[in-house]
Amino acid sequence: MKKSRFGPWIAVTIGILYFLLPLLATFEFSLKMKRGIYSFEAYRVVLADPHFQASFTYSTVMALLTIVLGILIIVPTVYWVQLRLPHLRPIIEFITLLPLVIPAIVLVFGYLRMYNSSSWLPLTGSAETTNILLLFAYVTLALPYIYRAVDTGMRAIDVRTLTEAAESLGASSWTILIKIVLPNVRVAVLSGAFLTFAIVIGEFTIASLLDRPVFGTYLQLMGANRAYEPSALAIIAFAVTWAAMVLMQVVGRDRRAAKPAH
Amino acid sequence: MSATIDQASLPPISVRSNPLTIARLGVLPFFIFAGLFLIIPTLYLVVGAFQDQDGNLTLNNLAHIFSNEKILEAYWISIKISLASAIGGAVLGFFVAHAIVMGGLPGWLRPAITTFSGVASNFAGVPLAFAFIATIGPQGLITIFLRNGIDVGGEHLALDLRAAGFNILSFWGLTLTYLYFQIPLMVLILTPALDGLKREWREATATLGGSAVDFWRYVGLPVLWPSLMGATLLLFANSFGAIATAYALTGSSLNIITIQLYAQIRGDVLHDQNLGYALALGMIIITGGSNAIYIWLRHRSERWLR
Numbered sequence: 002m003k004k005s006r007f008g009p010w011i012a013v014t015i016g017i018l019y020f021l022l023p024l025l026a027t028f029e030f031s032l033k034m035k036r037g038i039y040s041f042e043a044y045r046v047v048l049a050d051p052h053f054q055a056s057f058t059y060s061t062v063m064a065l066l067t068i069v070l071g072i073l074i075i076v077p078t079v080y081w082v083q084l085r086l087p088h089l090r091p092i093i094e095f096i097t098l099l100p101l102v103i104p105a106i107v108l109v110f111g112y113l114r115m116y117n118s119s120s121w122l123p124l125t126g127s128a129e130t131t132n133i134l135l136l137f138a139y140v141t142l143a144l145p146y147i148y149r150a151v152d153t154g155m156r157a158i159d160v161r162t163l164t165e166a167a168e169s170l171g172a173s174s175w176t177i178l179i180k181i182v183l184p185n186v187r188v189a190v191l192s193g194a195f196l197t198f199a200i201v202i203g204e205f206t207i208a209s210l211l212d213r214p215v216f217g218t219y220l221q222l223m224g225a226n227r228a229y230e231p232s233a234l235a236i237i238a239f240a241v242t243w244a245a246m247v248l249m250q251v252v253g254r255d256r257r258a259a260k261p262a263h
Numbered sequence: 007m008s009a010t011i012d013q014a015s016l017p018p019i020s021v022r023s024n025p026l027t028i029a030r031l032g033v034l035p036f037f038i039f040a041g042l043f044l045i046i047p048t049l050y051l052v053v054g055a056f057q058d059q060d061g062n063l064t065l066n067n068l069a070h071i072f073s074n075e076k077i078l079e080a081y082w083i084s085i086k087i088s089l090a091s092a093i094g095g096a097v098l099g100f101f102v103a104h105a106i107v108m109g110g111l112p113g114w115l116r117p118a119i120t121t122f123s124g125v126a127s128n129f130a131g132v133p134l135a136f137a138f139i140a141t142i143g144p145q146g147l148i149t150i151f152l153r154n155g156i157d158v159g160g161e162h163l164a165l166d167l168r169a170a171g172f173n174i175l176s177f178w179g180l181t182l183t184y185l186y187f188q189i190p191l192m193v194l195i196l197t198p199a200l201d202g203l204k205r206e207w208r209e210a211t212a213t214l215g216g217s218a219v220d221f222w223r224y225v226g227l228p229v230l231w232p233s234l235m236g237a238t239l240l241l242f243a244n245s246f247g248a249i250a251t252a253y254a255l256t257g258s259s260l261n262i263i264t265i266q267l268y269a270q271i272r273g274d275v276l277h278d279q280n281l282g283y284a285l286a287l288g289m290i291i292i293t294g295g296s297n298a299i300y301i302w303l304r305h306r307s308e309r310w311l312r
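Chains Z and R supply the protein sequences, listed in that same order. When the letters of the first sequence are read in order and numbered with the numbering used here, they come out as residues 2 to 263. When the letters of the second sequence are read in order and numbered with the numbering used here, they come out as residues 7 to 312.
Check before you lean on any hint, since a few could be wrong.
[To be verified] Some residues of chain Z that are not near chain R, with every Cβ distance over 10 Å (derived):
hint, residue
1, Gln54
2, Val140
3, Thr153
[What the hints assert, rightly or not] If the Cβ cut is set under 7 Å, some of the chain R residues that face chain Z in the computed set are:
hint, residue
4, Gly131
5, Phe138
6, Thr141
[As the list claims (entries may be wrong)] Not close to chain Z: a few residues of chain R, all C-beta gaps over 12 Å, as computed:
hint, residue
7, Gln145
8, Arg168
9, Pro198
10, Glu206
Quick caveat, the hints were computed from the structure, so don't treat them as lab data. A virtual CB, placed ideally from N, CA and C, is assigned to each residue, including glycine.
Chain Z on its own, in the form it takes in the complex (with noise of 0.2 Å):
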């Protein structure tokens, strides 16, 4: 039975173009800012602008923090809850998805009733307490990712046995999970971490109704206001989402690569 090859062929070439067309275009409007002549002018003016150097710098170092926050939290929960409470596993899994079903808008809107200069615990008083507000924003938006990939991650090492192994030794339960249990997971809490990066990198909506000087707010701003520079932004944007997304499956593939040497 010989299948035709067309229909496919079709599919994956609209899907293509629709993937391609819309960086082709962005990149060869980037190019035009010097009138007649293709350059990377856009691109030079943009990389000298010191908002997009503050801004792009403040969002690289949230996303960090978020990251290390996330893990902090995530991975004694993902460990306590694989060794000795897996009845509230359910829970948690229930818990981590809510940041998906619940619109960033909508939570958002929560914090600053929850959260404003008049309530009990007022985080948006200071542009110092606002900065740690979005911090815990960027890290409630990452739970998903992280959660998935640290559980993943530690479902696939026997935690029962590194442990009991570890106490006989007599070491303590911080002792274990930080040299024990976080080295052992490490590859995947990177990719978590990745993705997690890629998503806090451009965000938009909480920050800017927390009214704070990210990469995303200056994107907005920038394409309210000039012509050649957000599509040389925008391809910025695209390459460290790009650069984030390949590192994740590099990573994931070193684990795979690695399984047998275990």
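Given chain Z, work out where chain R should sit, using these hints.
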């Protein structure tokens, strides 16, 4: 049960620390965090939706939603755009996933397209709006290409999108833009489901004299439909809650519910804080409902697939 056995079998490390107590303390930060920054803020809005300005219980806020034409229209446009981009994404995503799983195409295509899909499904927000302005905006590459037209056999073919009534700041403009992340998301969800369609089923259909159409009609689609429906609902919720792309694309000129809520949060444009809570509640019900059905359908589909 296993917890009690472990507790007994593990030697006590020290007298003062009970392992179960340590474990409970260990998961406490997670619950405190989720309570403070996920559950209580959401409940705050939900409760507020049923209160008036003075805190008395009322259903007026919900009633006001149904009597406010602008809000109803915003919900309706949001639902239409989400439906169109979810169904469009599901159909196109299905064909692409089908092509790479069972289309008999060269082997390198599948990992390449899966990687593309991973990137594209995460490429949303403000930059996506820029990309589509550069593509199908007034000065976009495709817009200009179509307007200049091409000569085919001495005849000049051209299409002025704007004259034809197309505007990127519209229902179709936003739907086309959302498809950029919806199609790849569908490909990512459906590829494993299509892998689960066993080769034997296809062969059995062929042995019984069935064509490819028969296979899809009597075997493939009945097995796949929970996955297909569930994934479509996920796509629906995905675009229903989105705002950044729409905001960067249209400013506040397109009346969708997330932009309405954004304006309300920014400046209480409804002059009624509790009506704002009701708006948020409506959104939670719609995204929560579609996610709940998605989870239910996923359980159903797991019966056949793997």
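Contradicted hints - numbers only: 2 and 7
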